[in-house]
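Keeping their order, the protein sequence lines are chains A and B.
Using full-length UniProt numbering, the letters of the first sequence map in sequence onto residues 1 to 520.
Using full-length UniProt numbering, the letters of the second sequence map in sequence onto residues 1 to 520.
Among the hints, erroneous ones may be present.
Unchecked claim - Derived SDA-like pairs (lysine to any residue); straight-line CA-CA distance at most 20 Å:
| id | chain 1 | residue 1 | chain 2 | residue 2 |
| --- | --- | --- | --- | --- |
| 1 | A | Lys415 | B | Gly48 |
| 2 | A | Lys330 | B | Leu216 |
| 3 | A | Lys348 | B | Asn352 |
| 4 | B | Lys207 | A | Lys93 |
| 5 | B | Lys256 | B | Arg425 |
| 6 | A | Lys137 | A | Tyr117 |
| 7 | A | Lys42 | B | Phe29 |
| 8 | B | Lys42 | A | Ala34 |
| 9 | A | Lys519 | A | Tyr399 |
| 10 | B | Lys519 | B | Pro494 |
| 11 | A | Lys207 | B | Leu35 |
| 12 | A | Lys93 | A | Ser124 |
| 13 | B | Lys42 | A | Ser510 |
| 14 | B | Lys475 | B | Pro422 |
| 15 | A | Lys415 | B | Pro47 |
| 16 | B | Lys119 | B | Lys137 |
| 17 | A | Lys42 | B | Asn352 |
| 18 | A | Lys330 | B | Phe224 |
| 19 | B | Lys42 | A | Gly164 |
| 20 | A | Lys207 | B | Asp31 |
| 21 | B | Lys42 | A | Thr36 |
| 22 | B | Lys207 | A | Met39 |
| 23 | B | Lys330 | A | Val217 |
| 24 | B | Lys137 | B | Lys348 |
| 25 | B | Lys348 | A | Tyr399 |
| 26 | B | Lys415 | A | Pro47 |
| 27 | B | Lys42 | A | Thr27 |
| 28 | A | Lys207 | A | Pro40 |
| 29 | B | Lys207 | A | Thr36 |
| 30 | A | Lys278 | B | Pro47 |
| 31 | B | Lys119 | B | Glu138 |
| 32 | A | Lys466 | A | Ile272 |
| 33 | A | Lys278 | A | Asp462 |
FYI, nobody ran anything at the bench for these hints, they're computed from the structure.
Number of protein chains: 2
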Amino acid sequence: MNKLTNACGRILPTEISGYGRVTPYTTLFSDAPALTRTMPAKSIFRPGISKLRASIQEAIQSSNLQDGMTISFHHHLRGGDFVPALVMQEIAKLGIKNLRLAVSSFFTDKNETLLTYFKDGTISALETSGIRGMIGKEVSKHGFLSNPIIFRTHGGRARAIEYGQSNIDVAFISAPICDEMGNMSGRFGKNAFGAMGYPVADAHYAKTVIAITDNLVPYPLSGFISINQTLVDYVVVVDAIGDPNLIATGATAMTKNPNDLVLARRVTEVLIASGLVKEGFSFQAGAGGASLAVLSYLGEYMKEHGITGSFASGGITSQLVDALEAGLFKTLLDTQSFDAVAARSLAKNPANHLEMSASMYANPHNKGCVAHQLDMMMLGATEIDVNFNINSLTDSLGYIMGALGGAPDTAAGAKMTVAIAPSIRKRIPIIVESVTTICTPGESVDVVVTDRGVAVNPRRQDLKEKFLEAGIALKEIHQLKAEIEQLTGKPDRPQFSDRIVGIVEYRDGSVLDLIYQLKS
Amino acid sequence: MNKLTNACGRILPTEISGYGRVTPYTTLFSDAPALTRTMPAKSIFRPGISKLRASIQEAIQSSNLQDGMTISFHHHLRGGDFVPALVMQEIAKLGIKNLRLAVSSFFTDKNETLLTYFKDGTISALETSGIRGMIGKEVSKHGFLSNPIIFRTHGGRARAIEYGQSNIDVAFISAPICDEMGNMSGRFGKNAFGAMGYPVADAHYAKTVIAITDNLVPYPLSGFISINQTLVDYVVVVDAIGDPNLIATGATAMTKNPNDLVLARRVTEVLIASGLVKEGFSFQAGAGGASLAVLSYLGEYMKEHGITGSFASGGITSQLVDALEAGLFKTLLDTQSFDAVAARSLAKNPANHLEMSASMYANPHNKGCVAHQLDMMMLGATEIDVNFNINSLTDSLGYIMGALGGAPDTAAGAKMTVAIAPSIRKRIPIIVESVTTICTPGESVDVVVTDRGVAVNPRRQDLKEKFLEAGIALKEIHQLKAEIEQLTGKPDRPQFSDRIVGIVEYRDGSVLDLIYQLKS
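All chains should be built: construct the whole structure from the sequences, respecting the hints.
Below, the structure written as structure tokens:
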């Protein structure tokens, strides 16, 4: 088999069975070939025809789902999602096999019931942003899927769907509120989850779109319509699309962990020293404890200096809603509301808490995504290497347990990207020679902040000078790694077989890295 | 040349020079061949690149506009629109010739300056919903365009753009409020026009999209975004995109004309007698005097009987906003706000005054448009014939002076379509043997209401029975025609040459009728 090496030094085959030809990753913004976006053939929908189907099974039958086709789900119902299990159960009953599952991501709890369908051949291929829980562990250990899993970023998924690299036959969209023509939104209903950014591409490009709701309202749906009737084929009413208690447990909690607070204080110093925290700046951070603490410290600084940010983006938390309502940011741009406060805010703050599709958020190949407008973004990591590559998908034992999310997208787009991680996690050093899996290429990571020091990517001498000027102590990343290893020792590396179980695509569709099955 | 006859009895050539193969109109909902929707190739937009261009000329140059390409405008700025003239002036200066102009429609005043560019060959082809003013007169008289004008309904235009029958190279979109990435809306700014339903298809499918604004605001635009940054290539700031006094002169005025009031009273009786005016019914009427009076009378009936309508659609007037705010209708679905009150209401009533694209409004070939959900719609006419065909495009002298608008779309979709017209206009009878130009096929017109009587389409025996039961006096359409002709005499018919100057497409792309140049 021919091999090639990508710009991160990863050796890749030129072709992978169950995937096709490999385009190696070259650089953050490469001149990809021009592809045309093709949407499915038109429908002729006469007046008086009903889209309502009496059951999920009837809707599946109407969609003419066949062996080998691709279906999709989105993960806005998070840990409380009933829909994939409800649908897969009916598909299995119909005896349909060998499906490709193209989900926006996977959450732990409810989706574990899907393991059965992976094992019995109902599902034989998977495209996702990440996998948490048992499915990831099982794939890493036993590699039971016949095709390697394709991991895509949130922006990369929208791009792949728009340009026909991910061809969805039937999209199942969970709708907390929906009318009989399929106008829907995530804003209202007992299972309201807020922004509905991920399935927008599915709705536009899937051949058949099935809305599944537990809250059918009279036509036309009032208030904001996230996905409209022109895109939906069938509507099914079920008792419950989810468990509201597991979608989001109130507000995301701020950390009280003293290590996180030290880390957050240091990150805030770095942000300020960069000179980017000024009137009209834009910001993205995750929902991790340290990120939320950064927002809190940064908010204090902004108030003190009378600075108003233009927007904060990505997954939106109650802390960002507080910041919006306190006037610290002018606008929130939301693909996924991380908690109940954020979900409610979309309806409460319609003028400045805006929903956006994953394509608007992060697709690198449209006419300009929000991620490319960011001044600064923060991301977490399971591992960081001396080339500033970030792993967020596999753990130190080599198991798949995380996600790409929007981090590679926003890291590429932001003027400054800061990776935040504790130096040691469960006695394992976080800074390594080479990460197990490259998820965000080091080319897009500017600063690494740990509790044992701050390292700046050598590409960013400009930032280095600013930080030194501000009195921030810096370390070379190799020095940081050595110091940490003096405490932990060199960790054992996981041992892999040569069977490819996962392919990590960069947001533009090139291949960043491969994930192999663990040696038994 | 081979000829064929369509279902309305019009004789058509099989092929028309400058147009191509003719698909004859067959019926309201024909099984058209499945066409794939193709959007232009992807763009690679790197962070830090500006979309701002210093002038319209620079934006045109950036778009690489060439001889023979297709450009588009939308008509939401109505009589106060500066943009087409500003753009055409620059195109002419650059010496670009032979363009195809694909506009959503034409209004009178400002667009007459475009006549020059039609005459000097800068523009050689036109696609539009209608033409008012001098351009129509000149085309009918002198046929100065080398290609026949294609007339499309609002829904038909969205369909033609989506399915690649109208391929726009460069779309110019007038934005009353816009940020530097091209997020825009019609809701705010000195030239706010309200809903922005027409250029949505242009924004999605044109190869290059240029936003022209007189109100650039910091990124990201707050409030509702009608067309977002993922679709826009360039942004140009000009002094003024329009004259607010000519966009909409306050509120549309209710008629005091006693004939109109009699007509409106009769229409209201017909609507009520149909049994369709009940809880949750939906409604569309134009902005003509009689239509507004119908809404007023109907509102009284609804209040009296405690009836709340579900939605009113189409162009939205201040009278419909009043009805919404009085709780008579639950929702307004708006492609174009007809007056300043309606334009302001979108921001004032965000939960139940919703903007929709022309495709969502009326495209027959998506997965279900709003037009197909209507219970009743009213339309005006310049002529009505004994087959219930409606003319709204040419006058009795044969001059092009009107538009198709959304009438053929909503007439097809509504459960009951009522044509309203005075029996005589300027001594000319309105009911004729055969309309000069078929715009809305009689198959979709159920009732004709004139000041000299009501006629029901023989296809609708069900309605006939209901009206008789309610004591409404009915006349056969031939009888109505004869009575009117007794007063007016048989009118002279305009004399046409055999040169085709216009093609009237039905909403599905088939050909309903042809417009010929007048004999000189």
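Comparing the hints with the structure gives:
1. With a C-alpha separation of about 9 Å, the suggested pair Lys415 (chain A) and Gly48 (chain B) falls inside the 20 Å cut-off, and the hint holds.
2. As the CA atoms of Lys330 (chain A) and Leu216 (chain B) are separated by approximately 16 Å, the hinted pair is consistent with the 20 Å bound.
3. A C-alpha spacing of about 15 Å is found between Lys348 (chain A) and Asn352 (chain B), which places the hinted pair at or below 20 Å, so the restraint holds.
4. This hinted pair does not check out: Lys207 (chain B) and Lys93 (chain A) have alpha carbons roughly 45 Å apart, beyond 20 Å.
5. Distance hint between Lys256 (chain B) and Arg425 (chain B) is fulfilled; the C-alpha atoms sit about 17 Å from each other, no more than 20 Å.
6. Between Lys137 (chain A) and Tyr117 (chain A) the CA atoms are separated by roughly 16 Å; this keeps the pair inside 20 Å, and the hint holds.
7. Restraint check for Lys42 (chain A) and Phe29 (chain B): satisfied, since their Cα atoms lie roughly 14 Å apart, inside the 20 Å limit.
8. For the hint linking Lys42 (chain B) to Ala34 (chain A), the alpha-carbon distance of about 6 Å falls within 20 Å, and the restraint holds.
9. A distance of roughly 11 Å separates the Cα atoms of Lys519 (chain A) and Tyr399 (chain A); the hinted pair therefore holds under the 20 Å criterion.
10. Pair hint Lys519 (chain B) plus Pro494 (chain B) holds up; C-alpha atoms about 8 Å apart against a cutoff of 20 Å.
11. Proposed proximity of Lys207 (chain A) and Leu35 (chain B) is supported: the alpha carbons are some 13 Å apart, at most 20 Å.
12. For the proposed pair Lys93 (chain A) and Ser124 (chain A), the alpha carbon gap of about 17 Å is at most 20 Å, so the pair holds.
13. As the CA atoms of Lys42 (chain B) and Ser510 (chain A) are separated by approximately 16 Å, the hinted pair is consistent with the 20 Å bound.
14. Of the supplied pair hints, the one linking Lys475 (chain B) and Pro422 (chain B) holds, its CA atoms being roughly 15 Å apart against a limit of 20 Å.
15. With a C-alpha separation of about 9 Å, the suggested pairing of Lys415 (chain A) with Pro47 (chain B) holds against the 20 Å cut-off.
16. For a cut-off of 20 Å, the pair hint linking Lys119 (chain B) to Lys137 (chain B) stands: about 13 Å separates their Cα positions.
17. A distance of roughly 29 Å separates the Cα atoms of Lys42 (chain A) and Asn352 (chain B); the hinted pair therefore is violated under the 20 Å criterion.
18. Pair hint Lys330 (chain A) plus Phe224 (chain B) holds up; C-alpha atoms about 14 Å apart against a cutoff of 20 Å.
19. Between the alpha carbons of Lys42 (chain B) and Gly164 (chain A) the distance comes to roughly 12 Å, so the proposed pair stays at or under 20 Å and holds.
20. Proximity of Lys207 (chain A) to Asp31 (chain B) is assessed by CA-CA distance (about 18 Å); at most 20 Å being required, the pair is judged to hold.
21. For a cut-off of 20 Å, the pair hint linking Lys42 (chain B) to Thr36 (chain A) stands: about 6 Å separates their Cα positions.
22. With a CA separation close to 16 Å, the supplied pair Lys207 (chain B) and Met39 (chain A) stays within the 20 Å bound.
23. In summary, the hint linking Lys330 (chain B) to Val217 (chain A) is supported, as the alpha carbons are separated by about 12 Å, within the 20 Å threshold.
24. Of the supplied pair hints, the one linking Lys137 (chain B) and Lys348 (chain B) is violated, its CA atoms being roughly 40 Å apart against a limit of 20 Å.
25. Taking the CA atoms of Lys348 (chain B) and Tyr399 (chain A), the gap is near 52 Å; set against the 20 Å cutoff, the hint is violated.
26. Annotation: proposed proximity of Lys415 (chain B) to Pro47 (chain A) holds, straight-line Cα distance about 9 Å (limit 20 Å).
27. Taking the CA atoms of Lys42 (chain B) and Thr27 (chain A), the gap is near 18 Å; set against the 20 Å cutoff, the hint holds.
28. This hinted pair checks out: Lys207 (chain A) and Pro40 (chain A) have alpha carbons roughly 5 Å apart, not beyond 20 Å.
29. With a C-alpha separation of about 11 Å, the suggested pairing of Lys207 (chain B) with Thr36 (chain A) holds against the 20 Å cut-off.
30. For the suggested pair Lys278 (chain A) and Pro47 (chain B), the alpha carbons sit about 19 Å apart, so the restraint of at most 20 Å is met.
31. Pair hint Lys119 (chain B) plus Glu138 (chain B) holds up; C-alpha atoms about 10 Å apart against a cutoff of 20 Å.
32. Taking the CA atoms of Lys466 (chain A) and Ile272 (chain A), the gap is about 10 Å. The hint holds against a cut of 20 Å.
33. The suggested pairing of Lys278 (chain A) with Asp462 (chain A) holds, with an alpha-carbon distance near 17 Å, which does not exceed 20 Å.
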